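Asks: Given these sequences and hints, build the entire structure.
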Amino acid sequence: MRSRQARSPGEKRFGIGRIVAFVALALMAVGWLLPFLWAVATAFKTETDAASESGWIGGDGLTTEAFSAMLENGNVWIWALNSLWTSLVITVLTVTISALAAYAFSRLRFPGRRWLFAVIVAAIIIPPQVLIIPLFYEMLTFNLIDTPWGLILPQIVAPAMVFILKQFFDGVPIELEDAARVDGASRLRVFWSIVLPLSRPVMAAVAIFVFINAWNNFLWPFLVINDTNLMTLPTGLQTVIDAHGIQYAQTMAQAVLAALPLIVVFLFFQRQIVKGVATTGFGGR
Amino acid sequence: MTAAVETPLARAAASRPRTTTTAGPSRERLVSWAFLAPFLIAFALFLVWPLVHGLYLSFTNQSLTGAGGSWAGLDNYQEALTDPTMWRALRTTVWFTVVSTIPLVLLALVMALLVHRGLPGQWLWRLSFFMPFLLASTVVSQIWVWIFNPDIGAANSVLGAIGIEPLAWLQDPAVNLYAIVIATVWWTVGFNFLLYLAALQNIPDQHYEAAALDGAGPWRQLWSITLPQLNSATVLIVMLQILASLKLFDQAYQMLIGVSTDTTRPIVQYIYESGFVGYRFGYSAAISYVFFALIVIVGVFQMTAMNRRRNLS
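Residue numbers (the numbering used here), protein chains in the order written: chain B, -10 to 274; chain Z, 57 to 369.
If you are wondering where the hints come from, they were derived from the structure by calculation, not from laboratory data.
Everything numeric in this text was worked out from a predicted model, so none of it was measured.
Be aware that one or more of the hints could be misleading.
[Unchecked claim] Listed below are several chain Z residues computed to face chain B (Cβ distance under 10 Å; list not exhaustive):
id: 1; residue: 110
id: 2; residue: 111
id: 3; residue: 115
id: 4; residue: 159
id: 5; residue: 161
id: 6; residue: 162
id: 7; residue: 167
id: 8; residue: 179
id: 9; residue: 183
id: 10; residue: 187
id: 11; residue: 283
id: 12; residue: 303
id: 13; residue: 319
id: 14; residue: 341
[Claimed, not checked] Over 12 Å on every C-beta distance to chain Z, these chain B residues come out as not near it, computed from the model:
id: 15; residue: 52
id: 16; residue: 64
id: 17; residue: 70
id: 18; residue: 180
id: 19; residue: 196
id: 20; residue: 219
Every residue gets a Cβ at the ideal spot worked out from N, C-alpha and C, and that includes glycine.
Replies: Below, the structure is given as structure tokens:
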């Protein structure tokens, strides 16, 4: 991926400044990658090697013992599957309801439009952590504790995303829609076949952002799910550590496996993700 | 934003409700509510109602087991404001926010400035700095608990290599919050880095061309063009970082399991512990509101500071 370069016109292609910058950058990048690479290296050690001070490759050589041990006696597959499907459902629901509301705020006239939007924008500042007690209580009342819906529903409200999408829709020219409306298309039809196709980049940005947050969410799943079979990766892995204490090779094998899907996704969709963070990032995290 | 559709016409239209009048106003109203309903229902059920109910709970003795629930007036708040553990947790949270925000913003800026020079291997730099952000807190905690292991951890090997005594990183109350800061910087700096990178790409090339014509060298350009142009991005990034750091919980809780003490407990963890370990929902709700008040105060303060700056320039 090529970015627009801000090299100043006077700067030489191989000037001393460029070399210094390159070395500085390389050192930082290595520093940032090392912890993870070290984790990968440990995942391929025996437990004995992992628990002693050994180099990149332990005395017993490379082994996939840790991976097979973890896959055999753990629930990692179930957790990964739970993480995947709940995060997908959260993403689809969040994007759908936010986009519909944002469109209404951008295009339709109805009483209370202004103050309702103001309320939603103000709600961006409410930290989800403040709501855990009453939300838990609510899930108890609805009998949703220890169910996937108890996990999913509280995560689909994202006022920041309504704000971002509304800003985007405001910038889409209305003339296209007017033409279709004159031809007798309904609002939903216009939204679906004119506005949505034009908004693909921003929708992708919002979706990616919501998905990463859902995939990594810890606190709420930790509170609402007790059943091992319903846990997601972050909470599931935590129970293994609590139960078995620390077995470094296995722990690192888990860490690596849990990290892998998002890293692969990042490698494939780097451009969209970078753009996505730039678009949605100012909505907070 | 990617689509270059911001025409003057569109902007003018954006300032007023943009509607066509092919259908009557009552029909349009109906359609509006149909579009809004799914979000508003979820918004009411999972945000507004909990917010209101939480406030009510904070005035009661409600417990997790269902016992109590009688009106307690201001008792919970009175207890919270005289509870040394709560103040300690607030102090820890604020300390962490200050100490983590500085490197999280400065390092992100340096990374973005270097990457933006257009050196070869763009995707690799981006991957290196942003990748940790994609990891779940559990994974991050596992990796760092192991790095900070006093006997076999890499952190002490590094210290040993430069001749410093090994530290009990996570066990020693004098350093364990710094350890959390280090792990947090590694984990989340990539997010700010991408925000800075986007802001850098928005600086028009003409500025640099004009400066180069005037004979300004790279450092001069950095000081008099790049950094001033990044001002508004910096304000936003600092704001968001402060709000994010105040919510510290996941990594601190997970990395310090078993060693967590009064000195390391952030406020969100105290909310969790009083509610789900101590079973005191009412009290926990009251602390939630103290925390919420802090967030609102910080938010309002930031907004005013930002507006004042905008008025000045």
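Asks: Just to be careful: measuring from the Cβ of residue 161 of chain Z to every Cβ in chain B, is the smallest value less than 10 Å?
Replies: Result: violated, 14 Å to nearest chain B Cβ.
Asks: Holds or violated: residue 115 of chain Z as interface residue toward chain B, Cβ cutoff 10 Å?
Replies: Violated, because the Cβ-Cβ distance from residue 115 of chain Z to chain B comes to roughly 13 Å (cut-off 10 Å).
Asks: Was the hint right that residue 187 of chain Z lines chain B, CB cutoff 10 Å?
Replies: Check passed: Cβ of residue 187 of chain Z comes within 6 Å of chain B, closer than 10 Å.
Asks: Less than 10 Å between beta-carbons is the criterion; does residue 162 of chain Z satisfy it with respect to chain B?
Replies: violated, 12 Å
Asks: Is the shortest C-beta separation between residue 303 of chain Z and chain B less than 10 Å?
Replies: holds, 5 Å
Asks: May I ask you to test the interface hint for residue 167 of chain Z with respect to chain B, counting a Cβ-Cβ separation under 10 Å as satisfied?
Replies: holds, 6 Å
Asks: Mind checking the CB of residue 111 of chain Z against every CB in chain B and telling me if the closest is under 10 Å?
Replies: With a minimum Cβ separation of about 9 Å from chain B (threshold 10 Å), the hint on residue 111 of chain Z holds.
Asks: Let me know if the C-beta of residue 283 of chain Z comes in closer than 10 Å to any C-beta of chain B, holds or violated.
Replies: violated, 13 Å
Asks: Per the CB criterion, is residue 341 of chain Z less than 10 Å away from chain B?
Replies: This hint holds: residue 341 of chain Z lies near chain B, its Cβ roughly 5 Å from the closest one there, short of 10 Å.
Asks: How about residue 179 of chain Z: closest beta carbon in chain B under 10 Å, or not?
Replies: holds, 5 Å
Asks: Was the hint right that residue 319 of chain Z lines chain B, CB cutoff 10 Å?
Replies: Not OK, violated: residue 319 of chain Z not within 10 Å of chain B, min 21 Å.
Asks: Using Cβ atoms and 12 Å as the threshold, tell me whether residue 64 of chain B really stays out of contact range of chain Z.
Replies: holds, 14 Å
Consistency with the previously given hints fails for numbers 3, 4, 5, 6, 11, 13 and 18, ordered from lowest to highest.
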